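S.K.: Keeping their order, the protein sequence lines are chains P and R.
All residue numbers for the first sequence refer to this note's numbering, where the first residue is 1 and numbers rise by one.
All residue numbers for the second sequence refer to this note's numbering, where the first residue is 1 and numbers rise by one.
Misleading hints may appear alongside valid ones.
Covered stretches of chain P, as calculated for chain R (at least 3 residues, CB under 8 angstroms) [claimed, not checked]:
id, segment
1, 28-40
2, 59-70
3, 125-136
4, 303-315
Simulated DEER-style distance windows between Cβ atoms [unchecked claim]:
id, chain 1, residue 1, chain 2, residue 2, range
5, P, Glu190, R, Ala199, 28 to 34 angstroms
6, R, Leu296, P, Pro267, 45 to 51 angstroms
7, P, Gln224, R, Glu300, 45 to 51 angstroms
8, P, Gly109, R, Glu157, 30 to 36 angstroms
9, R, Asn160, P, Ala2, 53 to 59 angstroms
Listing some non-contacts, in silico: residues in chain R with all C-beta distances to chain P over 10 angstroms [stated by the list, open to error]:
id, residue
10, Asp27
11, Ala55
12, Leu296
Calculated from the structure, these hints are not laboratory results.
Nothing here was measured: the structure is a model prediction, and the numbers come from that model.
For glycine and all other residues, C-beta sits at the position ideal for the given N, C-alpha and C.
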Amino acid sequence: MAEKNIPMREALRQALREEMLRDDRVYVMGEEVGQWQGTHRVTQGLLEEFGAKRVIDTPISEMVIGGAAVGAAMAGLRPVAEFMTINFAFLALDAMINHAAKIHYMFNGQFKVPLVFRAASGWGNQATATHSHTPEPIFAHFPGMYVACPATPRDAKGMLKASIRDENPVLFTESIALYSKPGPVPDSDEFVLPIGKSEIKREGKHVTLVTYARGVEWSLAAAQELSKQGVECEVIDMRWLRPLDMEAVFESFKKTNRCVVVEESLPLYSFGSEIAAQIQDQMFDYMDAPVKRVSAMDVPLPYAHDIELMALPNTQKVIDAVREVI
Amino acid sequence: MAEISKNTLLDWYRQMVLIRQFETRCDELYRDKKITGVYLHLYSGHEATGIGALAAIEKRDHVITAYRDHGLALIRGVDAKPLMAEMMGKRTGVSGGKGGSMHLASRKHNFWGGYAIVGGHLPLAAGIAQACRYNNTDEVVICFIGDGATNNGYFHESLNFSQIYKLPVIWIIENNLVGMGTRIEDASGQPILHRRADAYGIKDLERVDGQNVVEVYNRVKEGVEYARREGPVLIESMTYRYKGHGVSDRSYDKRLADELKDWVENKEPITILANLLKTEHGVDDHQLEAIVDQQLKIVEESVEYALNSPDPDADDLVRNVYVE
Ligand SMILES: Cc1ncc(C[n+]2csc(CCOP(=O)(O)OP(=O)(O)O)c2C)c(N)n1
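Kindly generate the complete structure, drawing on both the sequences and the hints.
M.R.: Spelled out as structure tokens, the structure:
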């Protein structure tokens, strides 16, 4: 497949555009997605191309953005509803958790809810305590909704297209810090990645680094550094928090017998907790060291930049954690 | 309506100039990367609404707002120094450098803070008012609301709640015609926002010219008297943001060129007040310039103070997560 080097926001835009061209039930709605051209410029140009019927600027009303997407999806449309940032998705939690994720089950399969909630996520920009959440694992807590967290422009495109085509509700989060980072993206409208499939982003035999989204960048940088010292890390990008591809983790762990989990979110009741728990449960006989976790610190996020960065995971913290298990 | 004294008007002029200078300086400091981050929402253009409204309450009363909060903090009497220090994320800032531009608060000024989740502070206002009634005081709460915030569920629930329990809240919509980029007529089924009062049975004090500080004062005064005795009121103050939504909104001056020009040339709150002082009270340009110079000095001192203040440290990062 021919590839082009483009930033993640453009890869996402391609995915939206291609799916809108492919299926006229697909439409976009959210705050400032149209005339403003998208807060993060993902939806840039879509209003001009598809018109106001399919690119809908909404009021600042997360509750109804979330809930109307559920209703429209039940009624046969394929909404892609955008929350300007995931912090504001908290206002729509009820629609997302009680309805999007439950309706198919609760009515015994009578209704499908094929929607995508897109939300920008992450911190490191002094956005402060209310605007700096990375709560992906919270959403992944609930059965009934998939959670997608791409780390590269290529994955972003293939995963968003898969999410739009799937019959289930998907929360699709996009790391703000990754929007402008370029990477090779297949130049084809049939490039779709499977739901729930992880990818080994780097092979190695000494330690398995399990991660997703921004954590992939920190993990790859750490792996590169450690490799110079003879430590080979295998970096698994989970890509989806639900479905969670534990088989891939177990396969790798059988080879490395060591694991460090790397995530941007908070440490308690977390992605790291889940991976570590499943490894000790299923892989006990293969364990040569405790599973270590690298995450954000267990604090709200302050405005002042230096202390904000102190609380954020980074490459060095990953390197330090790997050193503890080898 | 009570006659407003020359001294009061001069003080309002002083406050207006202080806010405008403070905001202009924040804008420059952001461009010079002395203030960093992604959020900085300036109050330039809104001054008359804030000043007129807060002149109508007492120190014992309460104020709460959204993230466009610098001006209101200054009007409430918070010193410019710790405010500017907060903009720079310094330990000497009103919120210790942890809140930033959007989260200024000063407990001792009954300034209950700026809040960055649209609509999120409305139920807080209702709760503060509930405490006022609970404690048998006659204190009132002024809650500022963006026009865009009137369309989320918080608005509906809070206004309804306030009327049921006759809570002493003066709900003031600062209608600057746009949310971030979406215009009020594209976002509101009923774009004449004060009419929503009817839906909740709340006393409707209608629209006021938010660029005319005297008119704002008189209307809010009426609202405060009502709220102390009876219950909530809703006021819609028509105003305009001169610097776009926030610092990340870089195209507002092109996008809104004609409208902006009209509001700056014909509805500039500082000019309106200056004209009143000159024509009715014999104040001359010289006097007004002296006020401007004083305020410039105050702002410059606040910048010096902030620049020379220490940053928060690792202990500050983990302090105040819980009450200890
Ligand atoms: C719940 C929520 N949704 C979206 C946002 C992003 N946002 C911040 S300010 C804003 C516009 C608010 O407009 P308005 O209430 O009119 O206030 P103004 O900025 O005009 O003072 C938006 C959409 C947010 N902070 N919170």
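S.K.: The structure should be examined with respect to each hint, and the outcome stated for every one.
M.R.: Status of the hints after comparison with the structure:
no. : hint                                    : in the structure
1   : 28-40                                   : holds (count 5)
2   : 59-70                                   : holds (count 5)
3   : 125-136                                 : holds (count 7)
4   : 303-315                                 : holds (count 7)
5   : P:Glu190 / R:Ala199: 28 to 34 angstroms : violated, 51 angstroms
6   : R:Leu296 / P:Pro267: 45 to 51 angstroms : holds, 48 angstroms
7   : P:Gln224 / R:Glu300: 45 to 51 angstroms : holds, 48 angstroms
8   : P:Gly109 / R:Glu157: 30 to 36 angstroms : holds, 34 angstroms
9   : R:Asn160 / P:Ala2: 53 to 59 angstroms   : holds, 58 angstroms
10  : Asp27                                   : holds, 17 angstroms
11  : Ala55                                   : holds, 30 angstroms
12  : Leu296                                  : holds, 26 angstroms
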